[in-house]
Amino acid sequence: MAIEIIKPGLATTVQDAGRPGYYNVGIPLSGALDQYSFRCANLLVGNDENAAALECALLAPELSFDAPAIVAVAGSDATPKLNGAPAPRNEAFAVKAGDTLAFDFMRLGARLYIAVAGGIDVPSILGSRSTYGLGAFGGFQGRKLAPGDRLPIGIASPQAKAGRKLPADLATPLPKETELRVVPGLYFHRITDASAETFFADTWAVAPEADRIGYRYKQGRPLQWRERKQPFGAGSDPSNIVDAGYPYGSIQVPGGVEPIILHRDAVSGGGYAMIGTIISADMDKIAQMQPNYKARFVRVDMERALAARQDYRSLLDRLRTALT
Amino acid sequence: MAAATARYSFGADEHVFVEISEGMSLEAFFKGMAITDALAKRKVPGVTEICPANASYLVRFDPDVIRPDDMMALLQQLEREVGDAGLELATRIIEVPVYYNDPWTRGTLMRFRERHQDPNATDLEYSARVNNYPSVEAFIDAHAGSPWFVSMVGFVAGLPFLFQMVERSKQIETPKYLRPRTDTPKLTIGHGGCFGAIYSVRGAGGYQMYGITPAPIFDPAQKLPYFRDFMCFFKPGDIVKYRKIDRAEYDRMTAQVEAGTFDLRIRPVAFSLSKFLADPAGYNKQLEEILHGH
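Quick mapping for you: the protein sequence lines, in order, are chains P and F.
Under the working numbering, the first residue of the first sequence is numbered 1, with each subsequent residue one higher.
Under the working numbering, the first residue of the second sequence is numbered 1, with each subsequent residue one higher.
Just so you know, these hints were derived from the structure itself, not from any lab.
Hints are supplied without guarantee of correctness; some may be wrong.
[Claimed, not checked] In the EDC-like style, the derived pairs of lysine to aspartate or glutamate whose C-alpha atoms are separated by at most 20 Å in a straight line are:
#1 Lys229(P) x Glu173(F)
#2 Lys285(F) x Asp141(F)
#3 Lys244(F) x Asp263(F)
#4 Lys81(P) x Glu62(P)
#5 Lys229(P) x Glu22(F)
#6 Lys241(F) x Asp141(F)
#7 Lys7(P) x Asp99(P)
#8 Lys43(F) x Glu81(F)
#9 Lys229(P) x Glu19(F)
Let the sequences and hints guide you as you build the complete structure.
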């Protein structure tokens with residue numbers, strides 16, 4: 001059985017839990033940007049929570065099915081339309097051969113996940129079915145989906161059934177204003193004390209340049225760098241460093257103007273000073289931010305980062321208990 | 001044991017970033033390689049990524065398996081244990097053919113002239129001038145005349161950063177474009193700051209562009225013999241020697257790539273940093289003999 005893409009949406013890709021282990025040669029983690037919503041969608045249709053699903057950014061696709069299937073939609077808020085009639089979000093439903101699934105615009109949130117019982121059965125490369133666009137491999141032919149693409153579907157588990165529903169308190173939160181927790185560090189010492197204050201005091205808005213590689217933020221005050229003679233090989237701008245590895249979630253500020261948070265398709269290194277890193281528990285939140293959504297950066301220490309990580313794991317455990 | 005002198009910083013709850021030195025040097029690179037090699041050999045549970053870079057390295061870990069403080073302490077211990085021992089490197093030297101001043105990078109640089117420091121010169125003309133070479137030809141001879149160390153692989157899949165193996169006073173240094181280009185031809189030979197790069201895929205870039213190689217360096221389909229082990233060819237620690245080729249040779253090699261018969265000249269080499277630093281020119285000559293000897 002297969003899904004055919006009628007309209008691809010803005011940037012629809014096949015993603016799973018990701019491809020760790022190759023960042024040293026520049027191949028990033030990839031995988032669903034909002035891992036929580038991705039896992040919701042899979043568990044709703046009885047899949048292994050890491051099965052490959054469709055990630056849709058800002059404008060969801062239109063699909064058709066050539067065989068009966070169990071489908072679930074989680075993440076951002078866009079009403080599914082099955083043959084034109086509203087279908088549920090955060091609840092598994094059945095489709096018949098020949099059915100068409102389309103979506104209204106995304107009222108809230110930026111990434112929607114479509115899971116199909118059996119998972120998207122594209123080849124696994126280096127242990128993952130995730131699409132890595134810059135490297136043009138993984139997922140479906142290494143790229144975002146296009147009209148006419150036919151995605152093979154795996155064999156559904158006996159657990160797949162229509163009607164499995166996500167409890168309301170476990171639905172993905174989709175706020176227009178978010179707090180993103182940051183552990184300062186890396187090259188934080190390179191900005192002035194005044195800029196260290198304004199960075200956390202200001203409200204930042206998501207810029208149009210926000211994708212799987214990184215999210216750019218604007219409208220905060222520019223950051224000033226401490227005076228120094230630039231080290232050999234670092235480049236002349238005070239925001240430059242000798243090219244180094246970039247952590248996932250690290251915040252670089254080229255020229256001191258607009259912070260960029262690297263996400264799961266990150267460029268693995270480069271020559272811009274990073275001033276801190278978003279905690280792992282807050283990376284999913286970034287994925288649901290539309291352009292112009294607002295963020296405040298909140299300074300936390302390692303202890304609070306680890307406590308937040310524990311809370312995130314507990315939430316995943318509750319999700320598994322509720323849906324299996 | 002030697003003292004730990006590197007700077008250690010957490011990248012939130014999943015990364016440790018270690019800056020061996022603020023400035024680039026082969027000594028800093030070698031120390032980072034020695035520590036990351038030692039870490040890889042230990043197969044520490046919870047360590048998910050080990051990424052050596054030019055004068056720093058990055059480790060990603062799972063703090064549910066190894067506590068952040070324990071992770072950092074282990075890296076500090078490895079730094080003390082490694083000391084200055086990591087000055088020898090069993091590696092390989094690779095000859096990379098380059099068609100300098102080619103029509104594709106020239107066409108691209110003309111499209112982005114308003115983003116360049118000198119809109120009235122080509123990248124080669126500009127780089128020759130700011131590095132005090134009398135001509136583009138003399139600059140190309142310097143670029144292709146001595147080997148380069150692969151000091152980092154990344155940015156995108158399989159892209160090598162290269163550090164020229166000459167005295168610092170002879171090192172090519174150029175600014176990056178004022179604003180990055182949105183396009184760079186695949187397999188462009190570029191340069192920014194003190195680093196060279198070979199663009200493994202087509203895409204954005206800010207380095208000056210000097211030429212193009214017919215040899216693929218990243219191939220998910222792994223078609224050519226030198227991709228047998230992995231889809232990314234380069235590894236940190238590789239040594240690269242460029243060889244100037246002309247259009248006819250470029251076309252011939254490109255046809256071989258398409259036919260699947262192209263291969264690179266690759267020789268094993270035991271590199272000694274102290275011997276190199278004592279006499280860079282003499283040592284480079286020996287490397288060249290290893291590359292072309294029988």
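For each hint, the structure was consulted:
Pair hint lysine 229(P) plus glutamate 173(F) holds up; C-alpha atoms about 16 Å apart against a cutoff of 20 Å. For the suggested pair lysine 285(F) and aspartate 141(F), the alpha carbons sit about 15 Å apart, so the restraint of at most 20 Å is met. For a cut-off of 20 Å, the pair hint linking lysine 244(F) to aspartate 263(F) stands: about 17 Å separates their Cα positions. Among the hinted pairs, lysine 81(P) with glutamate 62(P) is consistent with the structure: their alpha-carbon atoms are about 9 Å apart, no more than 20 Å.
The hinted pair formed by lysine 229(P) and glutamate 22(F) meets the criterion: a straight-line CA distance of about 11 Å does not exceed 20 Å. Our distance criterion of 20 Å between C-alpha atoms is met by lysine 241(F) and aspartate 141(F), whose separation comes to about 12 Å. For the given pair, lysine 7(P) sits about 14 Å from aspartate 99(P) by alpha-carbon distance, which is consistent with the 20 Å threshold. For the hint linking lysine 43(F) to glutamate 81(F), the alpha-carbon distance of about 17 Å falls within 20 Å, and the restraint holds.
Taken as a hint, the lysine 229(P) and glutamate 19(F) pair is honoured in the structure, with Cα atoms around 17 Å apart against an allowance of 20 Å.
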